[in-house]
Amino acid sequence: MTRTTITLPEDLLRRLRRIAAEEDTSIASLVREAVERKLETHRPSPRSLGIGESGHSDTARRSGLERPEPRAWR
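If you use my numbering, the sequence shown corresponds to residues 1371 to 1444, in order.
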């Protein structure tokens, strides 16, 4: 296993310590279990998501404003 360091808010660490004591386990074990659960349910976004992004959020409204005036048929 590889050792890593995480930074937690005091209240979260306090709760982790309490649960670890109640379950007679280590904080590291609880963190590993939580990370495993998160990774099991994680679904990456499709690579194509945002591929056609124009940078404008009002594209439908703008398209009507930028149309040329219709010309009469001869």
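No wet-lab data here; the hints were simulated from the structure. Honestly, I wouldn't trust all of these hints.
Pairwise CB distance ranges (calculated) [said to hold, decoys possible]:
hint, residue 1, residue 2, range
1, Thr1411, Arg1373, 38 to 48 angstroms
2, Ser1418, Thr1375, 13 to 23 angstroms
3, Pro1416, Glu1380, 20 to 30 angstroms
4, Arg1413, Leu1378, 43 to 53 angstroms
5, Pro1440, Arg1407, 13 to 23 angstroms
In silico SDA-like pairs for lysine to any residue, Cα to Cα no more than 20 angstroms straight-line [as the list claims (entries may be wrong)]:
hint, residue 1, residue 2
6, Lys1408, Ser1418
7, Lys1408, Ala1398
8, Lys1408, Thr1375
9, Lys1408, Ala1390
10, Lys1408, Arg1441
11, Lys1408, Ala1442
12, Lys1408, Ile1397
13, Lys1408, Thr1374
14, Lys1408, Leu1378
15, Lys1408, Pro1440
Cβ coordinates follow ideal geometry from the N, Cα and C atoms, glycine included.
Going down the list of hints, with the structure as the test:
1. Thr1411 / Arg1373: 38 to 48 angstroms: 25 angstroms, violated
2. Ser1418 / Thr1375: 13 to 23 angstroms: Given about 36 angstroms between the Cβ atoms, the range is violated.
3. Pro1416 / Glu1380: 20 to 30 angstroms: 39 angstroms, violated
4. Arg1413 / Leu1378: 43 to 53 angstroms: 26 angstroms, violated
5. Pro1440 / Arg1407: 13 to 23 angstroms: The hint (13 to 23 angstroms, Cβ to Cβ) is violated, given that proline 1440 and arginine 1407 are roughly 59 angstroms apart.
6. Lys1408 / Ser1418: 23 angstroms, violated
7. Lys1408 / Ala1398: Roughly 15 angstroms between the alpha carbons, so the hint for lysine 1408 and alanine 1398 holds.
8. Lys1408 / Thr1375: Roughly 18 angstroms separates the two Cα atoms, so the pair holds.
9. Lys1408 / Ala1390: 19 angstroms, holds
10. Lys1408 / Arg1441: 59 angstroms, violated
11. Lys1408 / Ala1442: Violated, at about 62 angstroms.
12. Lys1408 / Ile1397: Status holds; Cα separation ~17 angstroms.
13. Lys1408 / Thr1374: 18 angstroms, holds
14. Lys1408 / Leu1378: With a Cα-Cα distance of about 17 angstroms, the restraint between lysine 1408 and leucine 1378 holds, given a limit of 20 angstroms.
15. Lys1408 / Pro1440: 55 angstroms, violated
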